[in-house]
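Chains as they are written, first to last, in this note's numbering: chain A, 1 to 406; chain B, 1 to 292.
Hints are computed from structural coordinates only; laboratory data are not their basis.
All residues carry an ideal CB built from backbone N, CA and C; glycine is no exception.
Treat the hints with care, as some may be off.
Covered by chain B, per the in silico footprint, the following chain A stretches (three or more residues, Cβ under 8 Å) [unchecked claim]:
| # | stretch |
| --- | --- |
| 1 | 144-153 |
| 2 | 187-194 |
| 3 | 268-279 |
If you only want the chain B side, here are some residues facing chain A, beta carbon under 7 Å, derived [stated by the list, open to error]:
| # | residue |
| --- | --- |
| 4 | A49 |
| 5 | S117 |
| 6 | D149 |
| 7 | T188 |
| 8 | G273 |
Letter by letter, the chains look like this.
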Amino acid sequence: MTRQDNGVSRRSMLTASGLTVSGAALALSVERRTIDADRAIAFHGAHQAGITTPPQDHLVFATFDVVGSRAALQSVLATWGTAAPLLTAGKPIPSEWDATYPPADTGEAAGLPPSGLTVTFGYGPTLFDHRFGLDRRKPTVLEPIPAIAGDALDEATSNGDLCIQACADDPMVAFHAVRNLTLLGQGTVVLRSLQVGAGRTSTTSTAQTSERNLLGFKDGTNNLTEKDDGLLKRWVWVDPGDDQPWMGGGTYLVARRLRLDLEAWSSLPLVDQEQVIGRFRTSGAPLSGSKEHDTPNLAAMGPHGDPVIPANSHIRIAAPSTNGGIHLLRRGYNFVDGLDPATGAYDAGLFFICFQRDPVRQFTAIAGDLARTDALMRYVTATRSAVFACPPGLAEGQMLGAELFA
Amino acid sequence: MPVMPLLPSARRRIGWFGVVVVIAATLSSCGGTTTPSTTTVPGVVPTPAEQAATLAATNAYRSQIVNAATSFNTAVRALATDLQQSKTGAAIAAWRVAEQSFDGLRPELSGGPATWSQLSGPVRSDGSGGGLQSVAFGLFHGPTSVAADASPGLVLAGATYAIGVFRTIVQPSTIAAHQVENLGYLVTTCLGGNPEPWSHEQALDVRAVAAGVISASSALIPLARLVVPGPATLLRADLAGLAQAVGELGSDDGVLTSAETRAIATKATILQGVLGQIAGAFAGYSNGRYFA
Numbered sequence: 001m002t003r004q005d006n007g008v009s010r011r012s013m014l015t016a017s018g019l020t021v022s023g024a025a026l027a028l029s030v031e032r033r034t035i036d037a038d039r040a041i042a043f044h045g046a047h048q049a050g051i052t053t054p055p056q057d058h059l060v061f062a063t064f065d066v067v068g069s070r071a072a073l074q075s076v077l078a079t080w081g082t083a084a085p086l087l088t089a090g091k092p093i094p095s096e097w098d099a100t101y102p103p104a105d106t107g108e109a110a111g112l113p114p115s116g117l118t119v120t121f122g123y124g125p126t127l128f129d130h131r132f133g134l135d136r137r138k139p140t141v142l143e144p145i146p147a148i149a150g151d152a153l154d155e156a157t158s159n160g161d162l163c164i165q166a167c168a169d170d171p172m173v174a175f176h177a178v179r180n181l182t183l184l185g186q187g188t189v190v191l192r193s194l195q196v197g198a199g200r201t202s203t204t205s206t207a208q209t210s211e212r213n214l215l216g217f218k219d220g221t222n223n224l225t226e227k228d229d230g231l232l233k234r235w236v237w238v239d240p241g242d243d244q245p246w247m248g249g250g251t252y253l254v255a256r257r258l259r260l261d262l263e264a265w266s267s268l269p270l271v272d273q274e275q276v277i278g279r280f281r282t283s284g285a286p287l288s289g290s291k292e293h294d295t296p297n298l299a300a301m302g303p304h305g306d307p308v309i310p311a312n313s314h315i316r317i318a319a320p321s322t323n324g325g326i327h328l329l330r331r332g333y334n335f336v337d338g339l340d341p342a343t344g345a346y347d348a349g350l351f352f353i354c355f356q357r358d359p360v361r362q363f364t365a366i367a368g369d370l371a372r373t374d375a376l377m378r379y380v381t382a383t384r385s386a387v388f389a390c391p392p393g394l395a396e397g398q399m400l401g402a403e404l405f406a
Numbered sequence: 001m002p003v004m005p006l007l008p009s010a011r012r013r014i015g016w017f018g019v020v021v022v023i024a025a026t027l028s029s030c031g032g033t034t035t036p037s038t039t040t041v042p043g044v045v046p047t048p049a050e051q052a053a054t055l056a057a058t059n060a061y062r063s064q065i066v067n068a069a070t071s072f073n074t075a076v077r078a079l080a081t082d083l084q085q086s087k088t089g090a091a092i093a094a095w096r097v098a099e100q101s102f103d104g105l106r107p108e109l110s111g112g113p114a115t116w117s118q119l120s121g122p123v124r125s126d127g128s129g130g131g132l133q134s135v136a137f138g139l140f141h142g143p144t145s146v147a148a149d150a151s152p153g154l155v156l157a158g159a160t161y162a163i164g165v166f167r168t169i170v171q172p173s174t175i176a177a178h179q180v181e182n183l184g185y186l187v188t189t190c191l192g193g194n195p196e197p198w199s200h201e202q203a204l205d206v207r208a209v210a211a212g213v214i215s216a217s218s219a220l221i222p223l224a225r226l227v228v229p230g231p232a233t234l235l236r237a238d239l240a241g242l243a244q245a246v247g248e249l250g251s252d253d254g255v256l257t258s259a260e261t262r263a264i265a266t267k268a269t270i271l272q273g274v275l276g277q278i279a280g281a282f283a284g285y286s287n288g289r290y291f292a
């Protein structure tokens, strides 16, 4: 017996089969607030979802090497662009139900609601080399992030031809999306790296509260939000006239796996931690203020003539006002990848993700300053780094990648 | 008379006691005599013995850092000369001294990783990027021209950064905090990660970093005994534990076994805890001298 299950929701599949699968049992963290699990975020739109849409609690970020031909790449991108809206709607990958074949959908998300899933695609610099004849489509600012002082990068897992960022309020839903999209590309793409993040460290919405990173501090307090239209237009969305017209409405994603020296940090006196960050740990307020969203007064001087927010504190060095007004849209996640097998130290930190209109003039420019002067960098080591061009969103019926092969 | 900036931890004590009373410190005008501090906050009134112990700790640490900087600069100059004269054996010996000296002065290099990067250099598969890593690539992997090309930059960078190091006066609380960070470097960089990929002389690095921590922290014990006797006892024991674990490496400079790696990492992490406590307890203890 064969049956098309296209259009059947994962929940109705569950009901029909009488199976009980508890996604909650597999959740990596305890939910801290009410989440509308039935919330579905539209895949189609002027911009890709997963950029300015409010960050969900869980991330699965995958990078890929393309090992197939130009035609196969074109086919995989088109397939991904067709499958993604099904996944974000909470539907399985459609298949013929014939038990003599492997199932098209891997099934682990059966019965789970959409959970706010977003799927965001990106193209790495190497996709535009000679292999696929795409060199004329390469944006000039899409270059690998240059080495930054203090980096200890794993070259084998840094960069990549393609990326998929899947975010959801249920970790199983995010993993399911990446796993199934990877299967759809089997033979043409191979996974280069996979990062699971649990616990967002930023917000792009005024409706969300700031969360804490593994250092114990609120993160992303002064991030751009979805309502900052003017700033988003200036600092995040690529203008068609910038360079490659196909990138108009798109953006550039920079991903950095930042391992934090949690053991050393935990042993620092609280006041020293606060001086390194430039904020109070409990309230998240800048050292010059009393509330989290107080604007840091970088000119404030203490009673002894020293700056209230130290000269080498993180928020001073990273502040737009000390970086020529440059903004980044941050969307990072905490990660805990167990222990360093050699030392027994935590292999944990922040999977930093940011979006910008020009990675060279924005992220790279700021990161250089951070490495030179930011006191926090003594506790941070980048172990993976990548940059991707995220094309604009797709209209219904539009193929992902069509702009590259036109 | 300049006003002594309080160490970060001292501000917490002010908060606890609710009174802000800061007595200005005396800065020796000629720099030749160090005046014990009268800088304090309520609740921290150093006794003469504590002042003497504070002075001893800061002076000992200053000597340690200055000696490391001097040794580094001497070694990289010798290294450059040896490479110019194609004396590879002598250059390797000089590199070893430079490497150990760098480990000794790293915690006090201003600028953090950006400075370390210039002196230590990045690990790249082609040996590019300069610093001690490029020299090691040239000496142990080849060609030696990579080392010869990198050495003049090291000489210049070493001389430049020595200026900052020579002016460094670090107070006991900061000494302890910096050793916490230095132990993190020992665990994540010297023991974990991809240590010394060209020379494979991992133990050389581990011994040098541990020796620096042990020396700096040992000099804090007399003050700790006076201020926080309990943690002082722990500090002494934990330092001995780290010294023993490192001592068991013997004289081999090579790659550590997994058991050796885990043993030293464990001792280092334990030591971080007590040093952090002591860093907090030392808030407000200052020898009264500082350079902005």
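Taking a Cβ-to-Cβ distance below 8 Å as contact, does the stretch 268-279 of chain A have at least three residues touching chain B?
With 7 residues closer than 8 Å to chain B, the stretch 268-279 of chain A meets the three-residue bar; holds.
Is the interface hint for B:S117 satisfied, with its Cβ closer than 7 Å to some Cβ of chain A?
B:S117 check passes; min Cβ-Cβ to chain A is 4 Å, inside 7 Å.
Just to be careful: measuring from the Cβ of B:T188 to every Cβ in chain A, is the smallest value less than 7 Å?
6 Å, holds
Chain A contact restraint on B:G273 - CB to CB distance below 7 Å
It holds, given that the least Cβ distance between B:G273 and chain A is near 6 Å, below 7 Å.
Between the stretch 187-194 of chain A and chain B, see if three or more residues pass the 8 Å beta-carbon test, and mark the coverage as holds or violated.
violated (count 0)
Given B:D149 was flagged as interface, is its beta-carbon under 7 Å from a beta-carbon of chain A?
Since chain A brings no Cβ nearer than about 18 Å to B:D149, farther than 7 Å, the hint is violated.
For the hint on B:A49, just tell me whether its beta-carbon gets within less than 7 Å of chain A.
24 Å, violated
Three-residue Cβ test at 8 Å for the coverage of the stretch 144-153 of chain A by chain B:
It holds: at least three residues are needed, and the stretch 144-153 of chain A offers 5 whose Cβ sits within less than 8 Å of chain B.
The structure does not agree with the numbered hints 2, 4, 6 stated previously, though it agrees with the rest.
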